[in-house]
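Using the sequences and the hints given, assemble the complete structure.
Going line by line, the protein sequences match chains A and B.
All residue numbers for the first sequence refer to our numbering, where the first residue is 1 and numbers rise by one.
All residue numbers for the second sequence refer to our numbering, where the first residue is 149 and numbers rise by one.
Hints in this document: simulated from the structure, not taken from any laboratory.
The beta-carbon is built from N, C-alpha and C at its ideal position, and this holds for glycine as well.
Hints may be right or wrong, so weigh each one.
Said to hold, decoys possible - Pulled from the structure, derived: some chain B residues nowhere near chain A, Cβ distances all over 12 angstroms:
hint	residue
1	Ser150
2	Pro153
3	Glu172
4	Glu212
5	Leu218
6	Gln248
7	Gly250
Unchecked claim - Here's a subset of chain A near chain B, in silico, CB distances under 8 angstroms, partners left out:
hint	residue
8	Leu69
9	His75
10	Leu101
11	Arg105
12	Val125
2 protein chains.
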Amino acid sequence: MSPLPIGRLAKLTDVKVTTIRFYESIGLLPEPLRTHSDRRIYDEGDVRRLGFIKHARQLGFAVEAIRDLLELSDHPERVCDSANAIAQEQLAAVDAKIAQLGALREELVRMTAAGCSGPAASCRVIESLSDHGLCSADHKPLASQVSV
Amino acid sequence: MSPLPIGRLAKLTDVKVTTIRFYESIGLLPEPLRTHSDRRIYDEGDVRRLGFIKHARQLGFAVEAIRDLLELSDHPERVCDSANAIAQEQLAAVDAKIAQLGALREELVRMTAAGCSGPAASCRVIESLSDHGLCSADHKPLASQVSV
DNA sequence: CTTGATCCTCCACCGACTAGAGGATGCAGA
DNA sequence: TCTGCATCCTCTAGTCGGTGGAGGATCAAG
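So, in structure tokens, the structure goes:
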């Protein structure tokens with residue numbers, strides 16, 4: 001197929017040039033062929049592989065998970081139990097995150113509901129932050145896996 | 149009140165010692181008094197301030213936003229318009245994130261629904277990732293503000 | 001007096017990129 | 001052919017919100 005310079009690949013896949021080089025550096029993309037002047041050249045296969053990576057990242061899969069998924073994609077004869085397991089885990093992580101954000105949302109709504117126009121001394125937002133006891137207390141984020 | 153060493157403050161607030169020092173280094177917590185042997189000593193005021201910070205972080209506020217909120221909390225005579233604005237923005241960001249994750253969830257459910265036991269060649273997960281056309285195509289994360 | 005917990009500073013690392021410096025090359029128009 | 005700009009190269013450092021460890025000092029209890 002037609003050989004693509006990195007900029008063309010970037011436009012075709014809507015992935016930044018620097019990100020493509022980054023994916024190569026961490027081994028998600030193989031080292032491509034180079035021109036006589038050391039420029040990277042890609043082909044249709046690279047477009048597909050990068051598309052796969054992009055799609056997986058959009059779904060929030062971590063790079064290490066994507067590495068495993070690509071391995072399977074590269075070896076279609078293997079059993080795919082692990083692909084399903086990875087996706088299930090990701091689904092669980094997304095569900096957890098949604099639940100967590102739902103709880104956050106609730107408190108933010110409560111905090112902002114009253115509106116506020118006076119001095120900070122009587123501000124519901126500041127007050128809520130000062131006293132955790134005022135809120136439902138079951139939103140406990142900090143340290144989550146999904147960072148989409 | 150009783151002077152607390154950093155470890156006590158950490159346990160009282162459930163914030164790690166290293167994180168407390170980090171907050172000091174970025175100016176969220178003031179430099180505390182020190183003992184003759186250079187150990188930090190805190191008081192009840194620090195417990196409250198750190199609680200405020202922790203609560204705000206749990207709600208997903210960025211450090212810069214927390215800095216502004218603490219400013220207001222420190223000066224209760226000022227008008228608190230900005231506190232409300234910050235909280236409203238955070239609420240909007242959380243809403244956006246929830247919507248986005250909802251879309252991700254949909255696709256993950258579709259991908260994993262079939263279950264999978266054969267070779268990767270016929271794996272729905274791998275297949276879905278390879279061909280973005282198979283999915284609804286309106287989940288477009290990458291680059292979000294809320295990272296709770 | 002010794003032991004183990006706690007404290008100190010400084011520096012490097014995490015994930016997943018992003019941005020910029022400083023320089024080489026490619027390509028199109030005059 | 002020359003000029004000039006776009007694109008490419010490598011390398012380094014920064015982002016955010018912390019986390020972890022090395023190497024050493026100090027504290028409190030037995």
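Hints, one by one, checked against the model:
no. : hint   : verdict
1   : Ser150 : holds, 21 angstroms
2   : Pro153 : holds, 23 angstroms
3   : Glu172 : holds, 19 angstroms
4   : Glu212 : holds, 15 angstroms
5   : Leu218 : violated, 9 angstroms
6   : Gln248 : violated, 7 angstroms
7   : Gly250 : violated, 7 angstroms
8   : Leu69  : holds, 6 angstroms
9   : His75  : holds, 7 angstroms
10  : Leu101 : holds, 5 angstroms
11  : Arg105 : holds, 5 angstroms
12  : Val125 : holds, 4 angstroms
This entry does not satisfy hints 5, 6, 7, going by the numbered hints stated previously.
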